[in-house]
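Quick mapping for you: the protein sequence lines, in order, are chains Y and H. Quick note on my numbering: the first sequence kicks off at 173 and runs consecutively. Quick note on my numbering: the second sequence kicks off at 112 and runs consecutively.
Mixed in with the good hints, there may be bad ones.
[Claimed, not checked] Computed from the model, here is a short list of chain H residues facing chain Y with C-beta under 10 angstroms:
1. ASP130
2. LEU152
3. GLY178
4. ALA179
5. MET181
6. PRO208
7. PRO226
8. GLY227
9. PRO229
10. ALA250
Treat the hints as calculated values from the structure; they're not laboratory data. C-beta atoms are modelled at their ideal positions from N, C-alpha and C, and glycine is treated no differently.
Single-letter residue listing:
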Amino acid sequence: MSQPVPPQSSARDSTARATGAGRAQLSARQLWEEAWQVAQMREGRFTTLSDTPLKPLYLPADAPVEYERDLGYPGQFPYTRGVHPTMYRGRLWTMRQFAGFGTAAQTNQRFKYLLEHGQTGLSVAFDFPTLMGYDSDHEYARGEVGQVGVAISSLEDMQTLMDGIPMAEVSTSMTINGPAPILLAFYIACGERAGVDPAQLRGTVQNDILKEYQAQHAWLVDVEPALRMITDVMSHCAVKVPQWNTISISGYHIREAGSTAAQELAFTLANGMEYVRRGVAAGMSVDEFAPRLSFFFDSHLDFFEEIAKFRAARRIWARKMRNEFGAKNPRSWMLRFHTQTAGVSLTAQQPENNIVRTAVEALAAVLGGTQSLHTNSMDETLALPTEKSVKIALRTQQLLAEEHEVAHVADPLGGSYFVEAETNRLEADAERYFLEIERRGGVVPCIKAGYIQREIHRSAVAYQQAVEEGRKKVVGVNAYVEDLHAKPEIELLRIDPSVEAEQCERLARLRARRDAKKAKAALDAIRDAAKGNPNESGNNLLERFVAAAHADCTLGEIADVLRAEFGHYKEPKIL
Amino acid sequence: MNERKIRVLVAKPGLDGHDRGAKTVAAVLRDHGMEVIYTGLHQTPEMIAEAALQEDVDVVGLSILSGAHMTLFPRVRAELEKRGIGNVLLTGGGIIPAEDMQALEQGGFAKLFGPGTPTDAIATWIRQQMEKRFAAEAAPRGTR
């Protein structure tokens, strides 16, 4: 039987039940409570996706907010209602579809296709060898080249990727972490070769290594040296590439790995605060680098919980940055974020249903005030998306922006008792996690002990159990199931195995053609800077990577120096 | 009945970092009373086969979401055979297109599981397969 949560605080055995003459004295609220208590409920538990019980109705007392302090106005502290005074009337969110597969030339074609169809920013997906800092011709890369993203092993590959795309005008987001500073160096060098000053470049490099150890697992070296490279990126970009977002602090992968909404919020912001501490410890003032920090969240199935999560994220960050880190610049207080709809919510069964899931998740992101958005394609649980399905995903955003009239009012759900109560609840949940992380010595010790990884794993298993027991429904999987063996009637994108061979040949030609002495000197300079004091000027690794990119050093060669100097990361056992 | 615990190696071949499924399946198989060894991430086929040998497992389950299955899965099988343990129950899952699943199932993989498979179904299938094998081992020779 279902166990509904009682309305408000009064239990279901309310004493308010009265008859006859007494009824006339009952308040509207008492009448509602009485009606609620005798009503038949559907089977099932009424909880959020993260299994938090929900009340049947939210009233003002459930959502205590002091308006100016907790909500305020769009574009003002604490930014609960959005980071821009005009929100989407000023400018719509950036429609940024993550794309990349095969060779740089193939992905370049896909980028041009997306730009032609009205996409407004680029987002590069790399293949696993690139994400892990191996060249396409490395033994570990066999079978992986170009599979889940584009293979970029050198400046030459980056130049092919960006060929014909105006780098001074388009903003580019690169989803890469362990070797992020190296890929950013390729991008900066690529711009320089095309006559674009680094100061003109706009974009984001994910560069969020903490969540790699926690959830996504594409790391390059051990934690401390990885954090040093991140502060090198922050300090170099603050001066030379000022329009670049140096870290995209990401909850997306934490959530996709199985966390709850509250865990996604808490771990992401805890990671963000750790980067701020590191930047300050490296000698920068918080306002020098904090305005270039951006965030990246998941938009999952639970419409209201997600909207509340985005609002809570802005409020928590603003409060922490101003009150705890003493930031003075309002841009340091603002949490700007990219959103991707939830890949894990898609099903291989009845894949066309994924279009609908994605649309609702995208709407939550928009009502939550996102700055940019990726909508997943319906076929992504089967393979890489085809052009047709990518176009439907992009059109989903265009429908929201142009047809549904949802982008005219800032924070349209602000003031909803339910959404405000959820926003408060998520903020409180996150604060509890911050205390727990602090009690355990901070984010890095929590990673090394596997604490955060274990929390995420437990939530993943709990959700799986809820689905298998039927407490949570998934259409096509445990509800409205059709023949499991029916083949999906959608065409799949396949990566030609010749991509790998071509990439290897291209690299061989590059190594033969380049000035070997110059390349070696550039790698030696990296080794020296890695050994040197990171706080000394001249030892900034990003600067050395840019020089190495111009000398045609490859990703794997640079990464090998770093692995040798900094040591490998060893995953703690959590299971 | 056979009291011997089923020993399972859950492994992540290649550079793929997606381990939610592998770890969830590992936890569920453990709840079903199996002895589960999880390799951790970024394993080469050699490392996986060596772990299977050292841990003396009955079952090897591979999880992959990187698209490299057609390269890495057959290599794991070859490495197992090289070590004389090609007879372990070989299974796996991940984002694997149906045609590839068929090809791999013809190439020595007993069964592959796709997204949305209930973990209970995986545990039940492993148990049934192993019971058949244990029964065959226990049967006196020459009594076909």
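Worksheet item: At a threshold of 10 angstroms, is the proposed contact between H:PRO208 and chain Y supported by beta-carbon distances?
Response: At about 6 angstroms, which falls below the 10 angstroms cut-off, the nearest Cβ of chain Y leaves the hint on H:PRO208 intact, so it holds.
Practice prompt. May I ask you to test the interface hint for H:MET181 with respect to chain Y, counting a Cβ-Cβ separation under 10 angstroms as satisfied?
Written response: Hint holds; H:MET181 Cβ to chain Y Cβ min 7 angstroms, cut 10 angstroms.
Worksheet item: Going by Cβ atoms only, is H:GLY178 closer than 10 angstroms to chain Y?
Response: holds, 3 angstroms
Worksheet entry | Hint validity - H:ALA179 Cβ closer than 10 angstroms to any chain Y Cβ | Holds, because the Cβ-Cβ distance from H:ALA179 to chain Y comes to roughly 4 angstroms (cut-off 10 angstroms).
Practice prompt. Under 10 angstroms, Cβ to Cβ, is where H:ALA250 needs to be relative to chain Y, so tell me if that hint holds or is violated.
Written response: Where the cut-off is 10 angstroms and the nearest Cβ of chain Y is about 33 angstroms from H:ALA250, the hint is violated.
Fill in: Satisfaction of the H:PRO226 interface hint, Cβ to chain Y closer than 10 angstroms
Constraint on H:PRO226 satisfied, holds at 4 angstroms.
Practice prompt. Would you settle whether the hint for H:PRO229 is holds or violated, based on the nearest Cβ-Cβ distance to chain Y being less than 10 angstroms?
Written response: holds, 5 angstroms
Worksheet item: Does the interface hint hold: is H:ASP130 within less than 10 angstroms of chain Y, judged Cβ to Cβ?
Response: Where the cut-off is 10 angstroms and the nearest Cβ of chain Y is about 7 angstroms from H:ASP130, the hint holds.
Fill in: Interface hint outcome for H:LEU152 [beta carbon to chain Y under 10 angstroms]
holds, 5 angstroms
Discussion item. Restraint: H:GLY227 near chain Y, CB-CB cut 10 angstroms. Satisfied or not?
Written reply: Result: holds, 4 angstroms to nearest chain Y Cβ.
The structure fails to meet hint 10 from the earlier list, while all remaining hints are met.
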